[in-house]
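Number of protein chains: 2
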Amino acid sequence: MTAATAADRLLDDLASGPPAGDLVTDPEVLASYRRDQAAPALVPAGMPAAVVRPRTTEEVQAAVRAAARHQVPVVPRGAGSGLSGGANAIDGCLVVSLERMTDVVELDGASLLATVQPGLVNLNLREAAEREGLFYAPDPASYEFSTIGGNIATNAGGLCCVKYGVTRDALLGLEVVLADGRAVRVGRRARKGVAGYDLASLFCGSEGTLGIVTQATVRLIPPPRSSATLAASFPTLGSAGAAIAKISRNATPSVLELMDRTTIQAVERMAPQELDDTVAALLFARSDLGGAAALRAVDEMARWCEEAGATLALTTDEEAEGRMLMAARRLAYPALEHQGATLLDDVGVPLGQIPALLDGIERIAGEHGVTIGTFGHAGDGNMHPTIVFDHRDPDSVARARAAFAALVRLALDLGGTVTGEHGVGLLKRGFLDGELGEAAELNHAVKRALDPHGLFNPGKGI
Amino acid sequence: MTAATAADRLLDDLASGPPAGDLVTDPEVLASYRRDQAAPALVPAGMPAAVVRPRTTEEVQAAVRAAARHQVPVVPRGAGSGLSGGANAIDGCLVVSLERMTDVVELDGASLLATVQPGLVNLNLREAAEREGLFYAPDPASYEFSTIGGNIATNAGGLCCVKYGVTRDALLGLEVVLADGRAVRVGRRARKGVAGYDLASLFCGSEGTLGIVTQATVRLIPPPRSSATLAASFPTLGSAGAAIAKISRNATPSVLELMDRTTIQAVERMAPQELDDTVAALLFARSDLGGAAALRAVDEMARWCEEAGATLALTTDEEAEGRMLMAARRLAYPALEHQGATLLDDVGVPLGQIPALLDGIERIAGEHGVTIGTFGHAGDGNMHPTIVFDHRDPDSVARARAAFAALVRLALDLGGTVTGEHGVGLLKRGFLDGELGEAAELNHAVKRALDPHGLFNPGKGI
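Quick mapping for you: the protein sequence lines, in order, are chains A and B.
Quick note on the UniProt record's numbering: the first sequence kicks off at 1 and runs consecutively.
Quick note on the UniProt record's numbering: the second sequence kicks off at 1 and runs consecutively.
No wet-lab data here; the hints were simulated from the structure.
Incorrect hints may appear among the rest.
[To be verified] With a Cα cut of at most 27 Å, we get these calculated DSS-like pairs of lysine-lysine:
no.	chain 1	residue 1	chain 2	residue 2
1	A	K163	B	K163
2	A	K163	B	K246
3	A	K246	A	K163
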């Protein structure tokens with residue numbers, strides 16, 4: 001049986017069988033489902049045989065059963081905003097796009113939880129929670145367009161996870177469609193519970209390789225109180241690292257972010273903020289303890305920054321002013337993208353290795369003759385060194401790729417991880433065994449147990 | 001091959017093969033390894049063929065390999081302080097006691113992490129962290145004697161997990177000896193990371209059924225600042241429930257605990273605290289925001305308690321006075337135990353169902369003619385209704401067992417869990433499928449993938 005035949009049979013099945021959602025076979029529309037936001041220079045993408053856009057769990061089950069019957073690989077897809085190719089199509093596959101499953105199934109304010117469909121955009125969940133006077137904490141940079149299902153697939157982080165945790169920490173339970181088409185519930189509605197294995201955490205971050213999430217029950221929390229903000233500039237990467245260490249050991253900021261000189265200069269070039277672009281790094285911190293307590297908290301952090309050698313440390317408890325102080329951080333990636341093609345990396349190291357990571361990044365930039373702007377989540381040790389290159393110059397492309405690999409190896413050498421929050425997808429697969437070591441086989445054993453025929457997202461994630 | 005023969009061959013192997021730790025075969029000593037702290041009335045315990053007390057990962061590997069070779073079940077054991085029979089011996093098994101693996105392997109203050117052996121007592125990890133100016137958050141009531149390995153096996157909770165999370169939330173990585181004797185590392189040292197499946201969370205709470213933890217890397221946090229304390233008394237369970245809801249939706253207490261009238265009366269009888277034992281419930285809350293901020297936080301909670309109908313709400317920012325206010329809560333279980341034999345339950349419900357849970361418990365006590373004192377972690381919806389009975393009276397025993405089953409069913413009916421933090425062990429196995437439903441098979445698929453011959457703790461946990 002050739003792939004083409006299997007796809008044809010699948011299409012017949014989807015057209016004649018139980019409803020599996022809107023079926024797309026128009027090649028131009030299919031093409032728009034080929035890729036997520038990972039750099040095309042680094043990851044391949046195939047052409048799907050079809051896309052289905054289910055609206056219900058039952059339709060997802062029908063789609064999965066049809067694909068399983070014809071041994072057509074299934075690629076689950078949220079908003080396509082992933083950065084590692086995890087949602088990239090495979091030639092002849094069935095893309096199951098969850099974009100139409102956007103319901104808030106329940107919002108139980110008294111139990112501080114919400115149950116939602118996977119296609120709901122993070123922002124829309126935040127807004128629904130807000131209407132109940134509650135807060136959904138995980139805030140990936142993509143929160144305005146990425147979906148909860150995608151956030152769960154990658155166990156997305158964000159700015160405020162330094163205080164509130166990543167997507168997994170907000171996850172209580174899931175409904176998942178398995179490779180045999182069964183829909184099962186894992187996890188729970190209670191806040192604590194230890195009955196059975198922690199399968200909700202197992203599916204979280206599994207990048208669509210174990211099943212398709214069709215409902216998620218997430219934890220809501222009291223809304224943060226008003227925030228105060230700190231921005232501090234450092235003459236050396238070492239002094240910034242010392243400030244990060246002092247803050248991490250002594251306080252609980254709601255945001256703790258860093259950007260380096262290359263990134264500052266890129267921001268100044270694109271949208272001048274009157275930043276001193278001769279400093280080595282800017283550090284941003286926020287406290288959301290409310291009113292005077294928040295200001296006291298950032299003032300204390302400002303003092304620690306000065307003790308670590310900061311040349312300037314500004315604090316404010318006014319939200320508008322705080323937003324201005326943080327503006328440069330929000331512009332970091334757009335400004336680097338403005339300079340050319342970019343390879344965005346996503347490495348993580350133990351907190352104590354941040355200075356060594358920053359030093360190593362500078363060394364790699366020099367050795368490979370590339371520009372690397374670094375910004376990221378200092379309080380989690382999760383950095384996004386971003387290589388700027390000229391995509392028309394093969395030599396520049398080659399140097400960028402070599403630098404990218406060197407960055408990932410650096411993180412591993414420092415006892416870190418090849419991906420802090422973006423996921424392995426296709427982008428980091430070549431590096432994964434270097435991190436997992438002997439546990440790689442254990443990952444595959446779990447995959448075989450849950451998806452014995454390799455139906456879901458083959459070749460991704462693990 | 002009979003069980004006895006297999007055990008004899010195992011003993012020969014352990015005596016002559018690679019070192020697997022001190023070998024215990026003295027029947028009297030073996031007997032002391034038969035049980036954990038679960039009520040003997042409810043769970044069986046076998047007699048082990050042998051106990052080994054390894055000191056290294058290699059010795060654990062040797063023990064597991066020898067047991068696997070002779071198909072002798074392995075029961076891992078920490079301090080034996082579990083409450084569900086998870087560490088109870090099986091006839092003819094090999095107990096692998098981790099009690100001698102007590103090293104702090106590393107304490108990296110700059111990275112806010114510690115790597116420890118599984119037999120280290122929670123308190124000793126807390127003290128080691130404290131010497132570095134840091135804090136290990138998970139604080140099960142047993143923290144003075146329970147081990148980190150046992151805490152991980154049950155994903156132990158505690159008082160302050162309402163703010164800081166349970167054991168899983170503090171877990172970064174593990175070294176685990178698998179059923180084939182391999183030692184693998186899962187998880188990471190970085191604070192965030194999404195490479196590979198979340199196997200550290202999978203092992204956490206798996207009750208020794210998937211492998212033996214031989215090292216754990218845990219996350220440390222900045223020490224809490226000084227605490228302020230609130231104790232409030234309520235005329236009805238409903239008014240206490242309303243206060244819990246208001247606090248949970250609007251604040252982040254570091255402790256939020258409840259005890260009911262039966263428990264208050266038991267405490268007053270054993271160790272008079274001058275409590276008003278006519279009230280329906282006492283609520284205890286703490287804030288650890290430090291100084292005036294902590295006091296403001298508990299004062300705000302006190303106001304909410306009064307609005308909800310509290311007849312008295314006392315607050316203090318003095319540690320000694322706070323400890324006095326909390327004394328009754330610490331005496332809750334000892335006081336109930338003082339009244340007779342007890343069956344300690346451990347159910348969890350979504351926060352909004354706490355009033356219904358408390359009402360249901362009263363109803364069950366009436367229907368079954370038993371005394372049930374309830375206390376527990378109100379802020380997590382995790383309660384410990386404790387049935388007091390006369391173990392010499394078969395009728396009292398029968399009524400206690402029936403009430404126990406009714407409590408667990410009540411929690412399930414309210415969308416809750418059969419165990420919030422104590423684990424399934426043997427005690428809750430009969431109720432597990434009622435909670436897991438179709439996911440039960442998924443749990444078994446994971447078990448088969450990791451432990452195909454059912455070597456580890458058969459008959460427990462799942």
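Hints, one by one, checked against the model:
Distance restraint check for K163/A and K163/B: the Cα-Cα separation of roughly 11 Å lies within the 27 Å cut-off, and the hinted pair is therefore satisfied. A threshold of 27 Å between alpha carbons decides the hint, and for K163/A with K246/B the separation of about 22 Å falls inside it, so the pair holds. Our distance criterion of 27 Å between C-alpha atoms is met by K246/A and K163/A, whose separation comes to about 16 Å.
Violated hints: none; the structure is consistent with every hint.
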